[in-house]
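J.: Residue-level listing of the chains:
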Amino acid sequence: MNNYLEKLPLFVDQIRSIRETIISNIVLIGQIPAPTFKEQDRAKIFLERLADFQVDECTTDGYQNPIGIIRGTNSARPPIFIVAHLDTFFGKNVDHNYIIREKSITGAGILENSVSVGVLASLPEIFRKLNLRFESDIVLAGIVQSIGKGNLRGIRHLLKSWPTPIRGGICVEGCELGRLNYYSDGMIRCNLDCNISSHTSWKHHFRPNAILVINEVVNQILKMRLPQRPRSRVIFGKISGGIKHGLIAHDGKLGFEIQSTSDTMVKSMMNEISDIISGVSHEYGVDLKLKAISNLSASKIKYNHPLVKNAVAVMEKFGIKPVSEPSVSELSIFLARNIPAVTLGLTKGKNYHFENSRMIIEPLFKGIAQVIGVIMAIDSGVCDE
Amino acid sequence: MIVVFVMNSNWLKNKTFHFSEFRDLNKLVKEKERKNLTISLCLPTLNEEKTIAKEIIIMKSELMMRYPLLDEIVVIDSGSKDKTVDIALSYGADVYNADDILPDLEKYKGKGENLWKALYVTKGDILVYIDADIKNIHHRFVYALLGPLILNDEIKYSKAFYDRPIATGLNSMRPTGGGRVTELVIRPLFSLFFPELTQIMQPLSGEYAGYRELLEKIPFPIGYGIETSMILDIYEKWGLDVIAQVDLEKRVHRNQDTKALGRMSFVILKTFFDRLEKLGLFENKKEMFNEMIQYNLVKNNYEAAIYTFEGLERPPMVEIQQYREKFNLC
Numbered sequence: 001m002n003n004y005l006e007k008l009p010l011f012v013d014q015i016r017s018i019r020e021t022i023i024s025n026i027v028l029i030g031q032i033p034a035p036t037f038k039e040q041d042r043a044k045i046f047l048e049r050l051a052d053f054q055v056d057e058c059t060t061d062g063y064q065n066p067i068g069i070i071r072g073t074n075s076a077r078p079p080i081f082i083v084a085h086l087d088t089f090f091g092k093n094v095d096h097n098y099i100i101r102e103k104s105i106t107g108a109g110i111l112e113n114s115v116s117v118g119v120l121a122s123l124p125e126i127f128r129k130l131n132l133r134f135e136s137d138i139v140l141a142g143i144v145q146s147i148g149k150g151n152l153r154g155i156r157h158l159l160k161s162w163p164t165p166i167r168g169g170i171c172v173e174g175c176e177l178g179r180l181n182y183y184s185d186g187m188i189r190c191n192l193d194c195n196i197s198s199h200t201s202w203k204h205h206f207r208p209n210a211i212l213v214i215n216e217v218v219n220q221i222l223k224m225r226l227p228q229r230p231r232s233r234v235i236f237g238k239i240s241g242g243i244k245h246g247l248i249a250h251d252g253k254l255g256f257e258i259q260s261t262s263d264t265m266v267k268s269m270m271n272e273i274s275d276i277i278s279g280v281s282h283e284y285g286v287d288l289k290l291k292a293i294s295n296l297s298a299s300k301i302k303y304n305h306p307l308v309k310n311a312v313a314v315m316e317k318f319g320i321k322p323v324s325e326p327s328v329s330e331l332s333i334f335l336a337r338n339i340p341a342v343t344l345g346l347t348k349g350k351n352y353h354f355e356n357s358r359m360i361i362e363p364l365f366k367g368i369a370q371v372i373g374v375i376m377a378i379d380s381g382v383c384d385e
Numbered sequence: 386m387i388v389v390f391v392m393n394s395n396w397l398k399n400k401t402f403h404f405s406e407f408r409d410l411n412k413l414v415k416e417k418e419r420k421n422l423t424i425s426l427c428l429p430t431l432n433e434e435k436t437i438a439k440e441i442i443i444m445k446s447e448l449m450m451r452y453p454l455l456d457e458i459v460v461i462d463s464g465s466k467d468k469t470v471d472i473a474l475s476y477g478a479d480v481y482n483a484d485d486i487l488p489d490l491e492k493y494k495g496k497g498e499n500l501w502k503a504l505y506v507t508k509g510d511i512l513v514y515i516d517a518d519i520k521n522i523h524h525r526f527v528y529a530l531l532g533p534l535i536l537n538d539e540i541k542y543s544k545a546f547y548d549r550p551i552a553t554g555l556n557s558m559r560p561t562g563g564g565r566v567t568e569l570v571i572r573p574l575f576s577l578f579f580p581e582l583t584q585i586m587q588p589l590s591g592e593y594a595g596y597r598e599l600l601e602k603i604p605f606p607i608g609y610g611i612e613t614s615m616i617l618d619i620y621e622k623w624g625l626d627v628i629a630q631v632d633l634e635k636r637v638h639r640n641q642d643t644k645a646l647g648r649m650s651f652v653i654l655k656t657f658f659d660r661l662e663k664l665g666l667f668e669n670k671k672e673m674f675n676e677m678i679q680y681n682l683v684k685n686n687y688e689a690a691i692y693t694f695e696g697l698e699r700p701p702m703v704e705i706q707q708y709r710e711k712f713n714l715c
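Order-wise, the sequence lines are chains R and C.
Residue numbers are given in my numbering: position 284 of the first sequence equals residue 284, and the series is strictly consecutive.
If you count the second sequence from 1, you need to add 385 to reach my numbering.
With the rest of the complex left out, here is chain R (with noise of 0.2 Å):
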């Protein structure tokens, strides 16, 4: 293990020489608009750059997630995947052209998720730049439908169809370097909307208020009594309602999600607050539909599982200090099929989920080189136990 923990540092200055190319793939095809369920654009962007960087084998599976496979030199050994979702927050009308100054990059979804599949495209040309070759097949796969209302759909279905084992994985996110995420939490993520019909009604004495409607939910939801452990809690992430200030409000909408670290806890949790939903609706009289659009399982590999104490090893190495939280993404995926596989940040930035989100281009190399000494671990056999 430590040959290639003594070599790591070496990597970054090289990285840097061809920041050209890292650079321009993630502009070529970050600038490509990809709305969760209209990735193909980007999807096709992403492929074409992989056949040019002379990738050995370049495909779509089945959902269309671009795929391309750097073969390695034992056949025997099963693929490592470096996975990144494709798919941002932002609509096609939303201005994708990037701003590149001396030392950031600037632009709509650029740390969610595009510096990443631009690196994924890039670790061909890296890895010829580095002289790697690994014994595994390296799977650079670009990911569809996976935030929000995609529920990770892509990636369930690639590794769900793949047929053969599966080495181990790492997901790349691009923000923050010091992240490494290894186990992910029991989700639900639920929509609640509530709907006021505006003709006049016998049953109405007063006409309720669908603002203060969802308020009455989110305060009962708040009176719930969760356990210390297993960890568990709600986050009210998305609230919207209403058309103007002087007029009662007879939409309102609530999103939420429901955390644990217990598959049962979080169904418990899920199964209480559509009672309180149920309750609120009769009471107040109005009609409260509530949707569950995405959920994961909990699922995690332990802090000592040697690809975690490689990850940490390696990331030490930089001099970067590992951040462990629970990780939504499709790191659930390869935990719940058995893969063991960690998340980690490329690089640091700010206005995350904003359009003028930035990333700094700097930390970017130390990023990249740290990718690689975990793809090096798995291919030593970390995760062959």
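I should point out that these hints are in silico values taken from the structure, not numbers from a laboratory.
Some hints could be false.
Straight-line C-alpha distance at most 25 Å; calculated SDA-like pairs for lysine to any residue [unchecked claim]:
no. : chain 1 : residue 1 : chain 2 : residue 2
1   : C       : K415      : R       : N97
2   : C       : K635      : R       : K300
3   : C       : K468      : C       : P488
4   : R       : K129      : C       : H403
5   : R       : K129      : C       : K466
6   : R       : K44       : C       : K466
7   : C       : K602      : C       : P700
8   : C       : K466      : R       : N97
9   : C       : K466      : C       : K494
10  : R       : K44       : C       : M450
11  : R       : K302      : R       : M187
12  : R       : K348      : C       : K468
13  : C       : K635      : R       : E355
14  : R       : K253      : R       : G241
15  : R       : K291      : R       : H305
16  : R       : K302      : R       : E355
17  : C       : K468      : R       : E362
18  : R       : K300      : R       : K253
19  : R       : K44       : C       : H403
Computed far set for chain C versus chain R, every beta-carbon distance over 10 Å [as the list claims (entries may be wrong)]:
no. : residue
20  : L397
21  : I443
22  : G464
23  : D471
24  : G591
25  : V627
26  : A690
Note that CB positions come from ideal geometry on N, CA and C, so glycine has one too.
Following the hints, position chain C against chain R.
T.: The following block gives chain C in isolation, referenced to the frame of chain R:
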């Protein structure tokens, strides 16, 4: 009397290309090397800090590091007040202040001036000129212009055309627009005097490439008139068949307000009529004025804003002694 012009319509068919015809960069590089050509990319700049890095990085990566099509990337700056120069230097372009090139000559400011001076500082047999404000820059902007020049011995000058969505500044795109000066000014003028040239879809596009042996032999207006005069001069000296046009599909650029386009049109009209006179195609019995007058409403009063256009132009570079010495033309 109705004057009917018989158009050389073969030109549109034979000399109009799509960028995808030149995607095989290995083929271009091979042919470039076989012909022992050198190629220079020139980016004229004035306060382009938002776009210059992207242009340099993509061209350097794709057309120098990966496919050695370009031999140099040169930025000629007109005195930017923002960080254009620092950014261009940090990404490895050769950067020149226009005033420092041929310093013994009188100094002028303008895009045409920068392009003219690029002839002196670059070494390529072919020069590619690309505007520095393109938001969706892609290396096709360069390789597609080079394709006809490298692969076709007859073609000596290539010109870009494209759809032109405009960035509105509200972080959203309008699907159509732009090209207003082309349709309202240039195309009517070409139709009146040079109908063959109407086949050039976007004569004002800021992206074109040409052999030095042509570019050094034509005068360069120092400002906006450069694109118009370049086409007219090449057409008059060498004919339409040395010119090609290439569809680059989409180009996103900054929008300009109507008054700015009015000033641009004024310069182009002046350049055009000057050329007509030189060519003996038009006799102007009264000297034209050189001031464009526009009006602004200021505190309920109309105030005139006067824009003066001197109509200055540089002579063919080949007539400059320092150039002849540098390129051993004495």
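J.: Indicate, hint by hint, whether the structure satisfies it.
T.: The hints, checked one at a time:
1. Straight-line distance between C-alpha atoms of K415/C and N97/R comes to about 32 Å, which puts the hinted pair past the 25 Å bound.
2. For the hint pairing K635/C with K300/R, the CA-to-CA distance comes to about 47 Å; that exceeds 25 Å, so the pair is violated.
3. Pair hint K468/C plus P488/C holds up; C-alpha atoms about 23 Å apart against a cutoff of 25 Å.
4. As the CA atoms of K129/R and H403/C are separated by approximately 33 Å, the hinted pair breaks the 25 Å bound.
5. The straight-line distance between the Cα atoms of K129/R and K466/C is roughly 38 Å, outside the 25 Å bound, and the hint therefore fails.
6. As the CA atoms of K44/R and K466/C are separated by approximately 40 Å, the hinted pair breaks the 25 Å bound.
7. With a C-alpha separation of about 8 Å, the suggested pair K602/C and P700/C falls inside the 25 Å cut-off, and the hint holds.
8. As the CA atoms of K466/C and N97/R are separated by approximately 23 Å, the hinted pair is consistent with the 25 Å bound.
9. The straight-line distance between the Cα atoms of K466/C and K494/C is roughly 14 Å, inside the 25 Å bound, and the hint therefore holds.
10. Note on K44/R and M450/C: the hinted pairing holds, with a Cα-Cα distance of about 23 Å set against a maximum of 25 Å.
11. Distance hint between K302/R and M187/R is fulfilled; the C-alpha atoms sit about 19 Å from each other, no more than 25 Å.
12. The straight-line distance between the Cα atoms of K348/R and K468/C is roughly 23 Å, inside the 25 Å bound, and the hint therefore holds.
13. A C-alpha spacing of about 22 Å is found between K635/C and E355/R, which places the hinted pair at or below 25 Å, so the restraint holds.
14. Restraint check: the Cα-Cα separation between K253/R and G241/R comes to about 6 Å, which is no more than 25 Å; the hinted pair holds.
15. Pair hint K291/R plus H305/R does not hold up; C-alpha atoms about 37 Å apart against a cutoff of 25 Å.
16. Straight-line distance between C-alpha atoms of K302/R and E355/R comes to about 36 Å, which puts the hinted pair past the 25 Å bound.
17. Proposed proximity of K468/C and E362/R is supported: the alpha carbons are some 19 Å apart, at most 25 Å.
18. For a cut-off of 25 Å, the pair hint linking K300/R to K253/R is broken: about 33 Å separates their Cα positions.
19. Of the supplied pair hints, the one linking K44/R and H403/C holds, its CA atoms being roughly 20 Å apart against a limit of 25 Å.
20. Non-interface status of L397/C relative to chain R is upheld: no Cβ of that chain comes within 10 Å, the nearest being about 30 Å off.
21. Under the 10 Å C-beta cut-off, the non-interface status given to I443/C relative to chain R is violated; the minimum distance is some 5 Å.
22. Every beta carbon of chain R lies more than 10 Å from that of G464/C, the smallest distance being close to 20 Å; the non-interface claim holds.
23. D471/C, annotated as away from the interface, has a beta carbon of chain R within 10 Å; the closest lies near 7 Å.
24. At roughly 17 Å, the least C-beta separation between G591/C and chain R is larger than 10 Å, which holds for a residue marked as non-interface.
25. Annotated as non-interface, V627/C keeps its C-beta farther than 10 Å from every C-beta of chain R; the closest such distance is 32 Å.
26. Even its closest Cβ contact with chain R, about 31 Å, leaves A690/C beyond 10 Å, as expected for a residue assigned away from the interface.
The structure shown violates the earlier hints numbered 1, 2, 4, 5, 6, 15, 16, 18, 21, 23.
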